[in-house]
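Q: Whenever a hint applies, use it, and build me the whole structure from the sequences.
Chains as they are written, first to last, in the numbering used here: chain W, 10 to 346; chain H, 10 to 346; chain G, 38 to 410; chain F, 38 to 410.
One should not assume that every hint holds.
Pairs of lysine to any residue residues, derived as SDA-like cross-links and limited to a Cα-Cα distance of at most 20 Å, are as follows [what the hints assert, rightly or not]:
(1) G:158 with G:387
(2) G:158 with H:174
(3) H:275 with H:221
(4) F:403 with H:328
(5) G:201 with W:29
Under 7 Å between C-beta atoms, here's a sample of chain W residues computed to sit facing chain G [stated by the list, open to error]:
(6) 52
(7) 56
(8) 57
(9) 60
(10) 70
(11) 105
(12) 112
(13) 118
(14) 174
Reference listing, derived: stretches of chain H covered by chain W, where coverage requires no fewer than 3 residues with Cβ under 8 Å from a Cβ of chain W [unchecked claim]:
(15) 73–86
(16) 91–100
(17) 109–116
(18) 283–290
(19) 301–310
Simulated from the structure, these hints should not be mistaken for lab results. C-beta: ideal position from N, C-alpha, C; glycine also.
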Amino acid sequence: MPTMNMIQALNSALDTMLTRDPNVLTFGEDAGYFGGVFRVTDGLQKKHGLTRCFDAPISEGGLVGVAIGMGAYGLRPVVEVQFADYIYPGYDQIVSEAARLRYRSAGDFTAPITIRTPYGGGIFGGQTHSQSPEALFTHVAGLKTVIPSTPYDAKGLLIAAIEDDDPVIFLEPKRIYNGPFSGHHDQPVQPWSKFPESEVPAEHYAVPLGKAKIVRAGGDLTVLAYGTMVHVAKAAAEETGIDAEVIDLRTLVPLDIEAIAASVEKTGRCVIVHEATRTSGFGAELAALVQENCFYRLEAPIERVTGFDTPYPHAFEWSYFPGPKRIAEAMRRAMKG
Amino acid sequence: MPTMNMIQALNSALDTMLTRDPNVLTFGEDAGYFGGVFRVTDGLQKKHGLTRCFDAPISEGGLVGVAIGMGAYGLRPVVEVQFADYIYPGYDQIVSEAARLRYRSAGDFTAPITIRTPYGGGIFGGQTHSQSPEALFTHVAGLKTVIPSTPYDAKGLLIAAIEDDDPVIFLEPKRIYNGPFSGHHDQPVQPWSKFPESEVPAEHYAVPLGKAKIVRAGGDLTVLAYGTMVHVAKAAAEETGIDAEVIDLRTLVPLDIEAIAASVEKTGRCVIVHEATRTSGFGAELAALVQENCFYRLEAPIERVTGFDTPYPHAFEWSYFPGPKRIAEAMRRAMKG
Amino acid sequence: PAIDARPHDMMELAFGLIRVLDSAGKAVGPWDPKLDADTLIRALKAMVLTRAFDDRMYRAQRQGKTSFYMKSTGEEAVAVAAAHALDREDMCFPSYRQQGLLIARGYPLIQMMNQIYSNAKDPIKGRQLPIMYSSKEFGFFTISGNLGTQFPQAVGWAMASAYKGDDRIAASWIGDGTTAEGDFHYACTFASVYRAPVILNVVNNQWAISSFQGIAGGDESTFASRGIGYGLPSLRVDGNDFLAVYAATAWAAERARANLGATLIEIYTYRAEGHSTSDDPSRYRPADEPKSWPLGDPIARLKQHLIALGKWSDAEHEAAEKDAVEQVREANKAAEAEGTLGQNRIPSLKTMFEDVYKDTPWHIRKQRQELGV
Amino acid sequence: PAIDARPHDMMELAFGLIRVLDSAGKAVGPWDPKLDADTLIRALKAMVLTRAFDDRMYRAQRQGKTSFYMKSTGEEAVAVAAAHALDREDMCFPSYRQQGLLIARGYPLIQMMNQIYSNAKDPIKGRQLPIMYSSKEFGFFTISGNLGTQFPQAVGWAMASAYKGDDRIAASWIGDGTTAEGDFHYACTFASVYRAPVILNVVNNQWAISSFQGIAGGDESTFASRGIGYGLPSLRVDGNDFLAVYAATAWAAERARANLGATLIEIYTYRAEGHSTSDDPSRYRPADEPKSWPLGDPIARLKQHLIALGKWSDAEHEAAEKDAVEQVREANKAAEAEGTLGQNRIPSLKTMFEDVYKDTPWHIRKQRQELGV
Ligand SMILES: Cc1ncc(C[n+]2csc(CCOP(=O)(O)OP(=O)(O)O)c2C)c(N)n1
Ligand SMILES: Cc1ncc(C[n+]2csc(CCOP(=O)(O)OP(=O)(O)O)c2C)c(N)n1
Ligand SMILES: [Mg+2]
Ligand SMILES: [Mg+2]
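A: This is the structure in structure tokens:
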């Protein structure tokens, strides 16, 4: 089986769908001839032609608006937004239109579109190349929000997103495009090729939306994470020696509540980890749900380890990033509690 | 003391500030000559002139962008966005610019602007005149989010917002512009003039941001609400006969955590109420904070009574609206729990 | 001009005003579409029916049978001329003031009324404010409450049609005030860059609720001239002249179908009545302004033309008006029998939770169950 | 044209190209600003210094001393000519490619470097990506990573200045690619409707990272012609001709100060190097394209002009270049002594939690304490 990093896996997902389904096309800023600033669409224009993979004006509102119209026609456009930090000019079209089309027309018109965008920190990108805006989408009924954490899932989830008949916000953890990240920035980065998750079938397969994955089994504590933080949380678990169960949510909406509840019912303790700012982050929804579902089983307050409620500051990359140290402290607090 | 409904109180706040501070001006769609579709700026152009209160193009992005530039110059613009449902085209300027200006320039430039907008349901406005987007702002560091529930607070909080040196999202519960609302849509609406909160000083005063208010004292259960839902929650409390303490948050960010924690420490039970869709609504943050602060005192799961995770449907106004019945049921569950 | 003329060579059309009907009701000049009388009579009847529909539904709102209504009075030619100039299969992305498209295409009036009354037979299940119709079958895109969003969507639909080698084109309409939204700019940019087969119409009825078109920049230049900077052919048309609107639309449609790209059309008209049932125009414009509006009533002007042609008479017109009122009365009786707003004769409550997603996820199912349905 | 000429009567300026310097380096034509030699020499030195600064900082990034850098090579006249044509108190809302404004206005190079190195002396406390300078004192608005947002902000600042009867004006710059954002449209609309004293510059360097200007619509019409539809005077200028950029800017500034409103200027230039240190242009454009760019190097052209005037020589130019490199070397030594990125010689950690709000609220204080600072 081919070995791929996350960029290659995403490229393979697009290539697979462009090959299988003439209704799929993809476009975005620098996504055509050049192949995208992160190379995710590399070679697709050459292989599938100008009409299937093309460059777009710097106009996120236009990108999404046009994609919605294509979706209403019956295509399955995949839009690349160059950085999640730049998705806001398209926010109105996403929230007011893509998310509501099916409902307001009673199924007469739909928007089966996928909006891909790299998100998250850990790359010294400063406050406009490091954001994690997932909670701004999970609050909006009608949208699905998906975040992979491995090359294998990246391809399978992206294919599932493209084949899904509802609009999907597909957030790509750019920090782990080339290799997983323990959060120890002082340690050398290992390429994906060193890990089994880099074994990605060349052919079509889907990883179902709405299903979480236990990436580390454990009995004493449940850690909920997604994207880059899945790997950081795993590292923290190893280092503390706490028998923690780490769950990779993979899809935030619809959420795999069963997997979450089952784990917390078992452990009675829960730590939630994300890079986004804390207040009203998706961790808040997770904490609310966990206490609603497992209140009588909880033995300690649910802990949230998150980005701070400030913009992401360039010089303080590693103080801002919720690294293994902060996660480990929270895990210990949760074990004591 | 003059008696005012909420519209008159807001108008008085703007009039007071336009009179006191030459750096204050206000503009918006139909907000100038006409005085606003809800009449909040009625008479202000006539009294203060075309340069202080004027009409603007239908361009929420432009409204906010221009206001930020005025703020950077040193003015204190007050922008009216005609309905909160239409704020999204301005979302990028709010989130990427207004919220970050002070931080990214280390205080060199700031955006002391106020964005007023009517929000919420209960008026048969359908899905684009009924939304409650507060959580889309509470997640953004650098913004303050304020929601009044009475004429007195509306004037005092709006003046505080205008005088505040940070950008403030000021959400006005349009359902209670003319009178409080118990949630019983079949009962006649009482005008504000019948209630003491309509006694509004003609002169300048401020209600400090960040301070909640106990609007009903009680010992058995804490209900957290804001805007229209404060009145619905009070009605529900009366009807259940439960000795509930109802807290009007008034400011969501910065939040009055002390008032909340003190109450829940006393009651050990908590119900959170808002109109916005449930998933990732501000109720999630409140639930997370309450269990973080009062975990060992909680005797039952924290309940959330919210709008459903669908757009706000025209024909189902009263099934969608979180009325006294649903709140009462949640209160009873919380008491049993 | 020839449909393949260079936009740069027709710039003056963006500053002038394309007209066909003269004051005597004669069709004159190069834009005369030379339509046969039957077509003109069908169009006239559609405009009359649209006005009768608006009048009845306005009254229905005043009678408390629904929450809201918006008329297109004085602007009937905008939609009806387009409906005749476009192919039946072309896709329309309208604003809330082009109900004439549905009526001219023969969409059942009762369906429109069921939507307005949010009753159990409402095709969109009571989910939208009155007049926010949706009908894929009739090539009418679901109306959004958010201004302007349909403009780039129409461009995307047109790009998709071109991509598929489908010869259907798209058309969209926004108001003068809405041109200030980013969506106007997005639509023009993408339509220009990708030569999308789309017609972008700006309906300049001179008012945006209480704001005169100048607040959107209309005093500094024409809205049609906004197209020049994108290299789009840009036409400015007398919107109360059915033949002119028809001719401009037909020209743009032919151009689009020939893969020559998009056209921007400013349709210059006048909002003869209030913005909506929530509006009172006397607060911001002289009460007699509508009377003194120079470009006349599109129905009266087409009627005058047909009479001048000897194909129509006052008596026939009166009969047509009576017939329209009758059709509306009939449809309304049937619609009211299905229920009006507030009577609680609405779709079953469980439908409130459907269509948020194709398949209802657990959390929405759970919310439905909490409501006991 | 006269500053009070009607925009409609100068439309052709949006389709032409305003130039002053001919191929022999002589200043010709009506736009010759007739500047004295001292001013020209000062400007030339500022351009030379800007280029030397860019070269040094580019190397610094390659040496791993910072995370990112963006050069303005080949576009130095854009910012430097504006800095000379505007008053020192006028407010600039630049993109990331007008570092020449700060340099021409005498902002300390070491401050720019401290920002680039995110060291303890960084005036914006390590919070922004390199080159996102901010200096109210030097009339330089805080650079945003989000393209285009500064355009309507500049209009708002200008409206405020007019409101206050202050005679300072605002100027803003965006790139060709950025014109596709809604902010471009918002700025033009508000500038037109409120006659704001602002200069809106579109720096058409023909590339937006890997996208040729055509992807933004530049092949269908000029970017300057976008202003026509808003009734804005719209000029298209040779951006590598210092005198032309100076003249157009001075004309627009005089117009703005006379309360005649805003001007849109397309500055036609060429991005001679990569988009940024993260970019490799050989992947998307011919390697020799920069060499074959016809409009030349703005520094070489102004140098040639001064020599033609007999006010400058190759020797003096060489000396000026040496001096510039020396100034940069000096400043860089001092800046590196304060620390470069990764050395962890950064502002104190507690500052990370400051300036989110004027007063730090409890929840951010709590987060700071959790971090133990
Ligand atoms: C994004 C957005 N902003 C504001 C509104 C509120 N609004 C509804 S209609 C209207 C006026 C529109 O005027 P125009 O575009 O000229 O269309 P007309 O009503 O004249 O047909 C406004 C401001 C809205 N619906 N959407
Ligand atoms: C809103 C937004 N979208 C996308 C980007 C990513 N981006 C940064 S620079 C750039 C190209 C800008 O090109 P242009 O406007 O021509 O300016 P130039 O770099 O040529 O000076 C892009 C797409 C961004 N910074 N902001
Ligand atoms: Mg209008
Ligand atoms: Mg460029």
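Q: Please go over all the hints and tell whether each is borne out by the structure.
A: The hints, checked one at a time:
Proximity of residue 158 of chain G to residue 387 of chain G is assessed by CA-CA distance (about 15 Å); at most 20 Å being required, the pair is judged to hold. This hinted pair does not check out: residue 158 of chain G and residue 174 of chain H have alpha carbons roughly 52 Å apart, beyond 20 Å. For the hint pairing residue 275 of chain H with residue 221 of chain H, the CA-to-CA distance comes to about 16 Å; that is within 20 Å, so the pair holds. Only pairs whose Cα atoms come within 20 Å are accepted, and residue 403 of chain F paired with residue 328 of chain H is rejected, the gap being roughly 40 Å.
At most 20 Å may separate the alpha-carbon atoms for a hinted pair to count; residue 201 of chain G and residue 29 of chain W meet this at roughly 16 Å. For residue 52 of chain W, the shortest C-beta to C-beta distance to chain G is roughly 20 Å, which exceeds 7 Å, and the interface hint is violated. Among the interface hints, the one on residue 56 of chain W is violated; its C-beta lies about 17 Å from the nearest C-beta in chain G, farther than the 7 Å criterion. For residue 57 of chain W, the interface hint is violated, the least distance from its beta-carbon to any beta-carbon of chain G being 12 Å, above 7 Å.
For residue 60 of chain W, the interface hint holds, the least distance from its beta-carbon to any beta-carbon of chain G being 6 Å, beneath 7 Å. Below 7 Å, beta-carbon pairs count as interface contacts, and residue 70 of chain W has one with chain G at about 5 Å; its hint therefore holds. Look at residue 105 of chain W: its Cβ gets to within about 4 Å of chain G, closer than 7 Å, so that hint holds up. Because the beta carbon of residue 112 of chain W sits about 5 Å from the nearest beta carbon in chain G, less than 7 Å, this interface hint is met.
Below 7 Å, beta-carbon pairs count as interface contacts, and residue 118 of chain W has one with chain G at about 5 Å; its hint therefore holds. The criterion of a C-beta within 7 Å of any C-beta in chain G is met by residue 174 of chain W, whose closest approach is roughly 4 Å, and the hint holds. A count of 0 residues in the region 73–86 of chain H with a Cβ less than 8 Å from any Cβ of chain W is obtained; the coverage claim is therefore unmet, three being the minimum. A stretch counts as covered by a chain when three or more of its residues have a beta carbon under 8 Å from one of that chain; for the region 91–100 of chain H and chain W the count is 4, and the coverage holds.
Counting residues of the region 109–116 of chain H whose CB lies closer than 8 Å to any CB of chain W gives 3, so the stated coverage by that chain holds, three being the minimum. Residue count for the region 283–290 of chain H with a Cβ under 8 Å from a Cβ of chain W: 5. That meets the three needed, and the coverage hint holds. With 5 residues having a beta carbon nearer than 8 Å to a beta carbon of chain W, the region 301–310 of chain H meets the requirement of three or more and the stated coverage holds.
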